[in-house]
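As you go down the protein sequences, you meet chains A and B in turn. As numbered in this note's numbering, residues 1 to 443 make up the first sequence, in order. As numbered in this note's numbering, residues 444 to 934 make up the second sequence, in order.
Honestly, the hints are just simulated from the structure, not real lab data. Be aware that one or more of the hints could be misleading.
To be verified - Cross-link-like lysine to aspartate or glutamate pairs, in silico, DMTMM-like; alpha carbons within 25 Å at most:
{"id": "1", "chain 1": "B", "residue 1": "570", "chain 2": "A", "residue 2": "237"}
{"id": "2", "chain 1": "B", "residue 1": "891", "chain 2": "A", "residue 2": "422"}
{"id": "3", "chain 1": "B", "residue 1": "507", "chain 2": "B", "residue 2": "548"}
{"id": "4", "chain 1": "B", "residue 1": "852", "chain 2": "A", "residue 2": "94"}
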Amino acid sequence: MPDALLQKLRTTVGAANVLTGVELSPYVVEGRTPEAAVFPGSIEEVAAVMALASEVGTPVTPWGGGTAASVGMPAGRTGLVIGLRRLARLLDHEPGDLTATVEAGMTVQAFQTALGSRGQWLSLDPADAERATVGGVLATNACGPRRHLYGTARDVLIGVTVVTADGAIVKGGGKVVKNVAGYDLPKLFIGSYGTLGVIVEATVKLRPLPEQEELVSVRFDRLKDAGSAVKAVAASDLIPNAVELLDGAGASGAGLAAGSPTPGAVLVVGFDGVREQVDWQRAELARLTGPLGGRDPRLLDAAAWTRLPTAAREAFSTTAAVMTLVVLPSQVAEIMEQGAGIARGRGLQSAWAAHAGVGVVRGALASEPAPKDPAALAVVLAEWREMARAGGGYANLEWAPLAIKSQIPVWDDPGAAGRIMERIKAQLDPRNILNPGRFVAGI
Amino acid sequence: MSTLTDSRKRDLRRELESILGSGAVLSDPDELMVYESDGLTLFRALADFVVFPTSAQHVSAVVKLANRENLPFVARGAGTGLSGGCLPTEGGIVISMMRMNRVLEIDYENQLAVVEPGLVNLHLSWKVGPRGYYYAPDPSSQQACTIGGNIANNSGGPHTLKYGVTTNHVLGLEVVMPDGEIVWLGGKTREACGYDLAGVFVGSEGTFGIATRIVVRILKKPQAVKTVLAVFDAIDQASAAVSAIIGRGLVPAAMEMIDHLTIQAVEDAFNCGYPRDADAALLIELDGLAVGMDVQAEHIVEACRESGAREVRTAQSEAERQLLWKGRKSAFGAYGRVSPAYMVMDGVIPRTKLPYVLRRVNEIVAASGLRVGNVFHAGDGNLHPNILYDPRKPGEEARVVAAGAEIMKVCAQVGGSISGEHGIGLEKADFMPFIFSAADLALMHRLKSAFNPSGLCNPGKIFPTKKSCGEVGPVAYRPHAIEEKGLAQRF
Numbered sequence: 001m002p003d004a005l006l007q008k009l010r011t012t013v014g015a016a017n018v019l020t021g022v023e024l025s026p027y028v029v030e031g032r033t034p035e036a037a038v039f040p041g042s043i044e045e046v047a048a049v050m051a052l053a054s055e056v057g058t059p060v061t062p063w064g065g066g067t068a069a070s071v072g073m074p075a076g077r078t079g080l081v082i083g084l085r086r087l088a089r090l091l092d093h094e095p096g097d098l099t100a101t102v103e104a105g106m107t108v109q110a111f112q113t114a115l116g117s118r119g120q121w122l123s124l125d126p127a128d129a130e131r132a133t134v135g136g137v138l139a140t141n142a143c144g145p146r147r148h149l150y151g152t153a154r155d156v157l158i159g160v161t162v163v164t165a166d167g168a169i170v171k172g173g174g175k176v177v178k179n180v181a182g183y184d185l186p187k188l189f190i191g192s193y194g195t196l197g198v199i200v201e202a203t204v205k206l207r208p209l210p211e212q213e214e215l216v217s218v219r220f221d222r223l224k225d226a227g228s229a230v231k232a233v234a235a236s237d238l239i240p241n242a243v244e245l246l247d248g249a250g251a252s253g254a255g256l257a258a259g260s261p262t263p264g265a266v267l268v269v270g271f272d273g274v275r276e277q278v279d280w281q282r283a284e285l286a287r288l289t290g291p292l293g294g295r296d297p298r299l300l301d302a303a304a305w306t307r308l309p310t311a312a313r314e315a316f317s318t319t320a321a322v323m324t325l326v327v328l329p330s331q332v333a334e335i336m337e338q339g340a341g342i343a344r345g346r347g348l349q350s351a352w353a354a355h356a357g358v359g360v361v362r363g364a365l366a367s368e369p370a371p372k373d374p375a376a377l378a379v380v381l382a383e384w385r386e387m388a389r390a391g392g393g394y395a396n397l398e399w400a401p402l403a404i405k406s407q408i409p410v411w412d413d414p415g416a417a418g419r420i421m422e423r424i425k426a427q428l429d430p431r432n433i434l435n436p437g438r439f440v441a442g443i
Numbered sequence: 444m445s446t447l448t449d450s451r452k453r454d455l456r457r458e459l460e461s462i463l464g465s466g467a468v469l470s471d472p473d474e475l476m477v478y479e480s481d482g483l484t485l486f487r488a489l490a491d492f493v494v495f496p497t498s499a500q501h502v503s504a505v506v507k508l509a510n511r512e513n514l515p516f517v518a519r520g521a522g523t524g525l526s527g528g529c530l531p532t533e534g535g536i537v538i539s540m541m542r543m544n545r546v547l548e549i550d551y552e553n554q555l556a557v558v559e560p561g562l563v564n565l566h567l568s569w570k571v572g573p574r575g576y577y578y579a580p581d582p583s584s585q586q587a588c589t590i591g592g593n594i595a596n597n598s599g600g601p602h603t604l605k606y607g608v609t610t611n612h613v614l615g616l617e618v619v620m621p622d623g624e625i626v627w628l629g630g631k632t633r634e635a636c637g638y639d640l641a642g643v644f645v646g647s648e649g650t651f652g653i654a655t656r657i658v659v660r661i662l663k664k665p666q667a668v669k670t671v672l673a674v675f676d677a678i679d680q681a682s683a684a685v686s687a688i689i690g691r692g693l694v695p696a697a698m699e700m701i702d703h704l705t706i707q708a709v710e711d712a713f714n715c716g717y718p719r720d721a722d723a724a725l726l727i728e729l730d731g732l733a734v735g736m737d738v739q740a741e742h743i744v745e746a747c748r749e750s751g752a753r754e755v756r757t758a759q760s761e762a763e764r765q766l767l768w769k770g771r772k773s774a775f776g777a778y779g780r781v782s783p784a785y786m787v788m789d790g791v792i793p794r795t796k797l798p799y800v801l802r803r804v805n806e807i808v809a810a811s812g813l814r815v816g817n818v819f820h821a822g823d824g825n826l827h828p829n830i831l832y833d834p835r836k837p838g839e840e841a842r843v844v845a846a847g848a849e850i851m852k853v854c855a856q857v858g859g860s861i862s863g864e865h866g867i868g869l870e871k872a873d874f875m876p877f878i879f880s881a882a883d884l885a886l887m888h889r890l891k892s893a894f895n896p897s898g899l900c901n902p903g904k905i906f907p908t909k910k911s912c913g914e915v916g917p918v919a920y921r922p923h924a925i926e927e928k929g930l931a932q933r934f
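Let the sequences and hints guide you as you build the complete structure.
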């Protein structure tokens, strides 16, 4: 990076907010060190930094809490990290409107704490909430078990402010819960992995905190039976806020497999509402699942919620790779069973956990007892992807070391829609400086 | 209207007929007149052709022909739109989707349906109803409007307070792109690989392409429903009740406000049992589990009483519930009892600003020497002031349009939006700068260029422009054909 640029960055954000050299170690991703990390203190400063980067064509990686920094392909060219940690204020929370506006660098946990003190919450429950930022969660479309009832970022984000590749400050949507004026830019930026702009501010819909919330586990000897139970719940009058299905290994990753015998599968269902509603639903769940082989319905402690999103990854002391398969909800148990079989056939252990009601399945491959050959792992992952595709779904590598990413594409093929995505990228980032090469279709 | 010569037009008609078959192409000006406006009859424009495809391949072939001839084209559903969004402002081809109206697939296990865009919204709920399911977005025109049109406008409805608008219920779409290519955006799964193109497409008002198949979610009908009517002597009390209910941590399925003038009209027309002397009524609906519903209803009743409600009544039977809803859903038609014409506005404000904005709306309309009736989605702050006027009186219509613009400015000033569900279309294109900067609009334009680089797909909408075409622009009100037949009302 030219010294002149570094000097301009220091002038723009203050020397203390520009890191270089050894200070950059927290921002090393897969062995690649950025040339500098910059921490603007205002949206205007983000815009000024982007304008400088754009001028010289330096690649830029927006950085929230860094919890998803290794998702995707590493940037082909290293450049500038723009950290949002200094943009971390809650700008506006009007409980009567059930909306809040927040700067992108605020952590999800800090945001929830502030909202909770006034009886409300943001209905997104991603992993690593104490580090993950609102902007990062939006950019990576992260969520957790409660998405079953409350949906994902696309269902809560009503307004977004971004800094574009050329340094313009642009907003889409607004501050009201219903709004069809102009194109739906919030949807465009959700899950775009920092390839279209730097999210600097968000306005979200909120919900009142429920009076009660419970998480209940039911054990099954066979995954297949647990899968039938998921379908029975979906067809019932229950209104669960989470429906999670874990195989034995996945259950151990979530700390739900204690005791003997180790269950073949665990169904975890969440309920919220007023006391009577939660009580009725818990009883109804036991009534529905008992005849299907469900046993030992058990109330879980609240900490179990946060272990569910990472259950597959945490199943092994050394995990080789995690893949997210998005399929039809009705296929989930079969996909888990079949996927475990594919791994076993290659002598590998796998662990599975799914947001079963919505068809989002995570499979993790173990790299124990001994490290595994990346090529062999890639073969299994490719077969998992084929399995998802065969049912009309797709699969992305959620986490894997470079040795595996070089053997199998991180992102699935978006098909003909990929060409539209390329055109959008070319329109919004014509110099290709925002996270170049990280995302689908080489974007 | 475009400048096709008669002989060129004859050639093109023959070519369109060879693609679509005879009986699927209109080009006679008398026939084209039916398609010159949507539900907002202030704007009119004549197409050169109206065509009726029955497949994506048909649509693609027509679009490719249009590209070759450099003719603009626009998709049209039932024509119940309220912003002039489907008007052929520069002539060209109107592609009516009304013959593509099939339900192609219903997957109860995965709670989704695949439908064609010309399917009438309510018909989907009818189709899945016997199995205990329904399609949640319920625009008030749902007995006439199509799901394709709902996609274009990201339509809402009373129950979107709890269940979200169209975009929250669309998983994927097969789209004929503006260059004629057929592409799937999203699919049947809950997420799609890459950018959320389905999410971007919904609400793009027909400027990103033409949907030919749509995958929507269908929901299980709730176990129980409870409908409450709260009556107030002052509209400010009703507004306060909305905030009080939200403040108690309740999110009803619907929360609708009906003001004094509207109550008069509704009672004249339908006798729904709203007290005539009330200043405002709130229609509140809870749904969900049967257990716990009484507790929640009690909270609602308390919140209304604490806000000053003089009467709070719970529907005791399904018949009574339907009657209460009939008043709300038929309010627009009922205005005919009190005024020869009206124009419906659509704006959104933060809920907490309701008392202030309703006062301003009344002041603005009164200053124009006109009357206004308010019936709207109070729960999500989506206002529908209906300005009553007499189109035969010279100058009244211009005053309506001017008052409408003032109301939109007030919505923008309090941090709201200029459209909650009707879209920008032609009507509000020039109001976009009220809420968006030049940079905001420039980014939107780039996005449009990615989908629709030639600009032939539904030109002249959304973006502020000087009106370029003499035939487009406010003209005297007259009811649309489907209004006259009682098939649709303005909401």
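Evaluated hints:
{"no.": "1", "hint": "570/B with 237/A", "result": "20 Å, holds"}
{"no.": "2", "hint": "891/B with 422/A", "result": "14 Å, holds"}
{"no.": "3", "hint": "507/B with 548/B", "result": "28 Å, violated"}
{"no.": "4", "hint": "852/B with 94/A", "result": "22 Å, holds"}
Consistency with the previously given hints fails for number 3 only.
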